[in-house]
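A.B. asks: Based on the sequences and whatever the hints tell you, model everything.
There are 2 protein chains.
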Amino acid sequence: MKLGQGVEWGLHSCVSMSWTPPGEAVSSARLAEFYKLPAAYLNKQLQALVRAGILTSVSGPRGGFSLARRPDRISVLDVVLAIEGKEDSFRCEGILKNAPGWGMDADYARTCLISQTMRHAEVTWRTELSRQSIAGIAHSIERRFPQARAETVRELVGPRTP
Amino acid sequence: MKLGQGVEWGLHSCVSMSWTPPGEAVSSARLAEFYKLPAAYLNKQLQALVRAGILTSVSGPRGGFSLARRPDRISVLDVVLAIEGKEDSFRCEGILKNAPGWGMDADYARTCLISQTMRHAEVTWRTELSRQSIAGIAHSIERRFPQARAETVRELVGPRTP
DNA sequence: GGGATCTTACTCGGATAGCCTGTGTCCGAGTCTGAAAGG
DNA sequence: CCTTTCAGACTCGGACACAGGCTATCCGAGTAAGATCCC
Chain C
1 MKLGQGVEWG
11 LHSCVSMSWT
21 PPGEAVSSAR
31 LAEFYKLPAA
41 YLNKQLQALV
51 RAGILTSVSG
61 PRGGFSLARR
71 PDRISVLDVV
81 LAIEGKEDSF
91 RCEGILKNAP
101 GWGMDADYAR
111 TCLISQTMRH
121 AEVTWRTELS
131 RQSIAGIAHS
141 IERRFPQARA
151 ETVRELVGPR
161 TP
Chain R
1 MKLGQGVEWG
11 LHSCVSMSWT
21 PPGEAVSSAR
31 LAEFYKLPAA
41 YLNKQLQALV
51 RAGILTSVSG
61 PRGGFSLARR
71 PDRISVLDVV
81 LAIEGKEDSF
91 RCEGILKNAP
101 GWGMDADYAR
111 TCLISQTMRH
121 AEVTWRTELS
131 RQSIAGIAHS
141 IERRFPQARA
151 ETVRELVGPR
161 TP
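Chains as they are written, first to last, in the numbering used here: chain C, 1 to 162; chain R, 1 to 162.
Because the hints were derived from the structure by calculation, they are not lab data.
Hints may contain errors.
Just so you know, same-sequence chains aren't split out, so a pair can sit in one copy or run between any two.
Stated by the list, open to error - With a Cα cut of at most 27 Å, we get these calculated DSS-like pairs of lysine-lysine: (1) LYS97 / LYS86; (2) LYS2 / LYS44; (3) LYS86 / LYS44; (4) LYS2 / LYS86; (5) LYS44 / LYS97; (6) LYS36 / LYS97.
C.D. replies: Structure follows, in structure tokens:
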């Protein structure tokens, strides 16, 4: 059970974009330069967030990505599922269907108690992540690191600082 | 975030072995035939459980695998971690170390609030899985499918039924 | 000077390779069983 | 009949291929900004 890097990148990018002024898009090149990440690959991950309706994208100069809705309406779970996929982590192949003496041919996921256990654990995991929003994380960061927001905005908007 | 098949196989195998009489080992070939799984690969997964101290293995005729301790002392989390590895699912590469204006060079995992959020969610997930034991699942199955235990034992121990 | 046009540079988006972790298979070392042989 | 020996077959364990997905990169379509030209 391993999550891809794109999750971390997507979450940090969303937090940063929650600080930039509305209407101002941030290009993936800017974000990549800020975080020292490969620009094209970061762009690819952000595309997944666009497909999920979390971000909006604009092409051309002064283009880039912006949050598609208010950051308090974007949960951490939304970002995770957008990048990792919405499928359950525990793939239940229903091996008991092949075992003799069980006779469970359909509706396996609800019958197999092991599958139920794994599913319940994942529900708690998802619930925990859905409780946290991008705005909540951003506010916590602002409280803990007062200079973080201003520094981030300075690097992401305005003229490029070579 | 995807778990390997070995988790499902390992859990079902442990539940089945909690039913077989103590001292009687079950070979991976028997289990594989029962569940219609590739025998060699199932063997490989069970090896991981042996390395984790969950199972004990005996070579030779009448050999196979057995639970290393009482099934109420084996949690679902033990099996999951034995097969998937003990590392956290959210790999925090600490991209903020490279971002300017943050000055967090060490102890990143405890400082970054995004990492904290992901870690907390995973802790709840692991806690949920650690609450469920192999014995608990086995008892629930026995209550719901009274014939399951006898049928499983019949197929896994005693002479082979061609 | 003001407006239309055109170049230009910048951005996303998808298509294209490389690598690394599962997935699946195979063969050898070790060992217990069971039969056979001998006393 | 009991003990010893021995061959045999069965099992785990690790070493060996294969595949799919994550990682990383490149180039083209589209667009808005800014310069240029004309009125």
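A.B. asks: Indicate, hint by hint, whether the structure satisfies it.
C.D. replies: Comparing the hints with the structure gives:
1. LYS97 / LYS86: within (25 Å within a copy, 30 Å between copies)
2. LYS2 / LYS44: Cα proximity of LYS2 and LYS44: in one copy and across copies (19 Å, 20 Å).
3. LYS86 / LYS44: This pair counts as within: shortest intra-copy Cα distance 18 Å, inter-copy 29 Å.
4. LYS2 / LYS86: Classified as both: same-chain Cα gap 15 Å, cross-chain 11 Å, threshold 27 Å.
5. LYS44 / LYS97: Between copies, since 22 Å is at most 27 Å while 39 Å is not.
6. LYS36 / LYS97: Classified as between; 9 Å across copies, 49 Å inside a copy.
Hint compliance for this structure: no hint is broken.
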